[in-house]
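What follows is the residue order along each chain.
Protein chains: 2
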Amino acid sequence: MERESRYPMIDWREAWRRIEAELRPLRPATVGLNDTLGLTLAQDVVAGEDIPAFRASAMDGYAVIAADSTGPLRVLGQQDAGHSLPLVVTPGTAVRIMTGAAVPTGADAVVPVEHTREADGMVTLQASVQPGASVRPAGQDVARGDVILSPGTPLGAAEIGLLAAVGQTSLLVHPQPRVAIITTGDEIVPVDQPPGPGQLRNSNQYALCAAVRAAGCEPVLIGHIADDEAALREAIERAVASADLVLSSGGVSMGARDLIKPLLEEWGSVHFGRVAIKPGKPLTFAHVRGVPYFGLPGFPVSSLVTFEVFVRPALRLLGGFRALHRPRVTATLAHPIRHAPDRLEFQRAMLSPGDDGWLATVTGDQVSGRLKSLVGANGLLILPEGIAQFARGERVQALCITHPEVERAL
Amino acid sequence: MERESRYPMIDWREAWRRIEAELRPLRPATVGLNDTLGLTLAQDVVAGEDIPAFRASAMDGYAVIAADSTGPLRVLGQQDAGHSLPLVVTPGTAVRIMTGAAVPTGADAVVPVEHTREADGMVTLQASVQPGASVRPAGQDVARGDVILSPGTPLGAAEIGLLAAVGQTSLLVHPQPRVAIITTGDEIVPVDQPPGPGQLRNSNQYALCAAVRAAGCEPVLIGHIADDEAALREAIERAVASADLVLSSGGVSMGARDLIKPLLEEWGSVHFGRVAIKPGKPLTFAHVRGVPYFGLPGFPVSSLVTFEVFVRPALRLLGGFRALHRPRVTATLAHPIRHAPDRLEFQRAMLSPGDDGWLATVTGDQVSGRLKSLVGANGLLILPEGIAQFARGERVQALCITHPEVERAL
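So the sequence lines, in the order shown, correspond to chains A and B.
Going letter by letter, the first sequence gives residues 1 to 410 in this note's numbering.
Going letter by letter, the second sequence gives residues 1 to 410 in this note's numbering.
A hint or two may mislead.
[What the hints assert, rightly or not] Between beta-carbon pairs, the in silico distance windows are:
id	chain 1	residue 1	chain 2	residue 2	range
1	A	G132	B	A21	40 to 50 angstroms
2	A	G357	B	P384	21 to 31 angstroms
3	A	R144	B	D342	26 to 36 angstroms
4	A	A230	B	Q126	30 to 40 angstroms
5	B	E234	A	A21	58 to 68 angstroms
Derived from the structure by calculation, the hints contain no laboratory data.
Each residue gets a CB set at the ideal place from its N, CA and C atoms; glycine is no exception.
Pulled out of the complex, with its shape left as it was, chain A reads as follows:
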């Protein structure tokens, strides 16, 4: 039991600077279009053709020559979408046309069906039209040669639709990061086993696995490892061999059984081992055989809060995103708050829209063991060090950690 950690205490901005400096987006890979949702593009996409590729009717109606649109016109036939007939509109004639169909040669406008009357093969127009009316020119949406999407673009439904429209069935993207999860601690029992005296169920494995999935990454479960140096060393070797990033929970404090930091030092690069935050002071960031490694504290709230503040942005960096952090807002306190001013504290809160911006209500007792303080929370209040009391009505910064009602992942 040491009195003082050998790791200097750094502030959270410095911690993030060291993380960011050590990480690069994952090497791009070619992926089928249907598997790109939520990934980011790693290439320019240039349109190889016009969309639409032809002059298309924007309405159901009649394709006509605009200058010729007064008298009754002979209807040559009907142009359906997808069924181009070899019709040519000449003065005195028109073609019945459906939305999306190719406007026939000769015609330069479409008169909407509401402004027409057809009888005995002749159509009468009740309004005149300008050339180009209700005709979508070729290339209106996308012109051949346009750069339609650039590297770093996150791919959602609209982007995927646009890529499909230009025939891009596979793309260079930053792949989905694989994240190995190790839980540690002799006091932890499997979730389906009743805890004995001094024991706790392994909630971290489930919570971290869900957090990794909600961040759009693939969890790789390494399992639960006892506080045994050889077993931990083997688990870490297995983890770095099978993932793009490794998380462990527990074993980073100063107790005799806190073996993670000494082990990480064996591989050489521990970037930091202590951060001036609460919860999460013993957070550790290292590289093991070139793979980034986060040693999270064992308390359930500490591990999820440090995941939110540091690991999730790191995973987004690996995934090629430009926007890494949760949005930050200013919120007004609905009640006074006290906190220990020795470290910056992330208090869990419900942010609700008020008359004057966001209103923040803390989710009860904020001890690190109390997972209920995170249940239903959609915000983390950032309470700076050096100030012990915040009054009702005071304004503080908050990270919007999206609630699953808003952010639903598979």
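Got chain A; can you put chain B on it based on the hints?
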């Protein structure tokens, strides 16, 4: 080619009222805890035990009797987390203890290691403590018998962690909705085939599949069906047999090949067939053999916008969510906007935080064919009917359709 739809034009609020009135959350099913992320709970969860189940030390330090904490104390041994020894603290003695370990019988406080000095089996305390100091009482986080989560709760990482902590390895939840997707239209060719004259690639299948996934649901691809009554009837039968909700795109306008509405009437209940919105006027909502059916317009933007505004909230209702709609904000226009005042219009926009709330910039030309108008858009401006011009600086309502940079699904 009809001049006038037989369906009355209803406004979007009335359309949503009819949808909401016809839908119920999916029947609850029991699911393993690891598969519950993003689903909603369909049961009360009552804690069967206290968390922690024992008095736990909140610090590394020494377990003592608070009233006895002045003199040097004999150290009886060390209590590690997860390793409860049969130690009893009596006056004149103490037990070295690790964070999370059970506080031994007799002791009523823990003195942090920083305030102690140990030598020759005796520990000296540099500060006195109050009874209960640094001791987490049993049940501090969760007390046995507490209702810890209620029906309707969306399950994120914190909720899943809490359920694991109380040993709930399986739960009654509303299952993930399965959504059948049919695309229609003779003018549509597969994405990997160059479109001929009058033809377009099937971008809707990819875009709708991605939109369904991003909404946390499972897409069931029925395929692309030509404008043929028998083929469409067969596809719809197949779709309703395999999904909780059916989407089709195209075939809902008034052209001769728009076969979806007449077909839906064969099964009996078309709840509406026209909505006074742009894009999306021909949106159709029905039931087929008891399964809800959305007939979306064929234009790519129309199908995605009506998905956002009507289908996504409907899917969330099936999933048991209480919060169904995207958050709505007030935004200030960065430039003037014109729109056809005959219908309410959803214009695609970028919402960015400004000095005075949200600033809205429309994403270029808003024609329904132009998918690029949705690329990068994080908002839908709600421009009411009856007003043709909006000035720069005017304030309008907007739906926050989350960009994938924020909402990343698998």
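Status of each hint after checking the structure:
Checked against the given bound of 40 to 50 angstroms, the beta carbons of G132 of chain A and A21 of chain B, roughly 44 angstroms apart, stay inside it. Roughly 26 angstroms separates the CB atoms of G357 of chain A and P384 of chain B, a value that falls within the hinted 21 to 31 angstroms. The hinted window of 26 to 36 angstroms between R144 of chain A and D342 of chain B holds, with their beta carbons roughly 34 angstroms apart. Checking the proposed 30 to 40 angstroms range against A230 of chain A and Q126 of chain B shows it holds: the Cβ atoms sit about 38 angstroms from each other.
Taking 58 to 68 angstroms as the suggested C-beta distance range, the pair E234 of chain B and A21 of chain A conforms, at roughly 59 angstroms.
Violated hints are absent here; each numbered hint is respected by the structure.
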